[in-house]
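Enquirer: Sequence:
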Amino acid sequence: MEAADYEVLSVREQLFHERVRECIISTLLFATLYILCHIALTHFKKPAEFTTADDEDATVNKIALELCTFTLAVALGAVLLLPFSIISNEVLLSLPRNYYIQWLNGSLIHGLWNLVFLFSNLSLIFLMPFAYFFTESEGFAGSKKGVLARVYETVVMLMLLTLLVLGMVWVASAIVDNNKASRESLYDFWEYYLPYLYSCISFLGVLLLLVCTPLGLARMFSVTGKLLVKPRLLEDLEEQLHCSAFEEAALTCRIYNPTSCWLPLDMELLHRQVLALQTQRVLLEKRRKASAWQRNLGYPLAMLCLLVLTGLSVLTVAIHILELLIDEAAMPRGMQGASLGQVSFSKLGSFGAVVQVVLIFYLMVSSVVGFYSSPLFWGLRPRWHDTAMTQIIGNCVCLLVLSSALPVFSRTLGLTRLDLLGDFGRFNWLGNFYIVFLYNAAFAGLTTLCLVKTFTAAVRAELIRAFDCRCRSPVSPGHLGRPSTSDLQLGVGGRKLDTAICCPGLEGCPGVGGPQDLESERVGGIGELSCLHCCII
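Residue numbering for the sequence shown follows my numbering, starting at 1 and increasing by one per position.
None of these hints come from the bench; they were simulated from the model.
The C-beta atom is built at its ideal place from N, Cα and C for all residues, glycine as well.
You can trust all of the hints, since none of them are fake.
Each pair of labels, with its calculated beta carbon distance range:
1. V171 - W378: 28 to 36 Å
2. T224 - V354: 18 to 26 Å
3. I101 - L348: 21 to 29 Å
4. G167 - K145: 28 to 36 Å
5. D386 - I326: 50 to 58 Å
6. L160 - D57: 19 to 27 Å
Computed list of lysine-lysine pairs in BS3-like fashion (alpha-carbon distance at most 25 Å, straight line):
7. K289 - K226
8. K453 - K226
9. K62 - K46
10. K62 - K144
11. K145 - K62
Start from the sequences, fold in the hints, and give me the full structure.
Expert: Encoded structure:
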């Protein structure tokens, strides 16, 4: 062999080794995400659905769970795409010729983007509909029962759904772009139809992020306040513990002495309320035992971090709106020949890249919090060891839609200057100036509105309560008769209870000495009365 042949062979070997290395790295990354997602879904699934007497249903649920695990791993990979690309670019800039990071290159990053795009299409269009129809199928009438019969029915339903979606997308393309060439291009299933369909799904995901993220930014403060222990200046745990113990004693009294009330009692509901109060009391005990560092330093620092991140997010969007008005070059676009490791995507260098990554993760967490806090998706929230299989499928689909739209969402808001790689940069609507500008303006307006509404909610509630107190007439403090309609709405600790009943005899109540323990209390400063012991349901 001549020297030229050796050179060609060495180049081919190098390309082969690079491709094998990229496949191994991609497989290891996805396997890690798959294991993490499988552990998470295992803690949320309902065990009764996987240990049923019918082995067929258990097998179907196990197959559907594996498909959901794959979809959730793809969603997590879509969330990590943009941060991983930004960090990789800064590493390549800092260590351009380091031997130990030769595996990190533009080809690997492009391959990961293309794989996430492919698996997102596969999960949204085929796997998740298959999992849903598979769990709901029973086999065709007259056919032999079994898993195979369910597979046949599911495949038929999936083919019909594919034809329906294909027709809808074709009609939508004809309405939006009445061009014969654009409609005929949809017949190329791989090159045009799937990217166009994914573009429509991504657009819906971006609209969903537009609604959920501002709501989540406002909700993050209250959610963090519930997870952390507040300083004693802002939270009186002793009062909450006394109130919780008092309500638990009152409900226990009602369970052991059900004849002292003239209304029928739901004993099952009472037992559930007692268990909930016991759980609440245990959590309050743990919060009370928190150290002074956690109480006086952890909560203020967490609130300060949330405030800074929220302010940075709004400020970044505002600056991007000004850039759009001044220079149209700030418009998001696809990859046009630029390569990783050439220039930093932030004007502040590595520090700015780290800030970009933190903001992207923060907005993603806020969007998930806002998604599950919205009234429309409130019932979709997963419960610990009590989530049905169909509910898991719905959660995986929603999370995949949100996460796959995150790169487009971040680039549209100007959180990063990294152009979208692979097929993510082929979305036509990203080049529309009016859509991008209106989206940024709507996000800034909704975020400001939600934050103002959240921070002024306490002041507005106090004003409304004070105005309501002045308008209502007080009740004479000697009243201890049959409760009125307003008395039935009173509660202990500011909560609205189902019933409040003044009972004449308390001798059977454990822990209560008799009629002398019957107290009257002004709830909310209004002057109405409430029996504080065995009158609570």
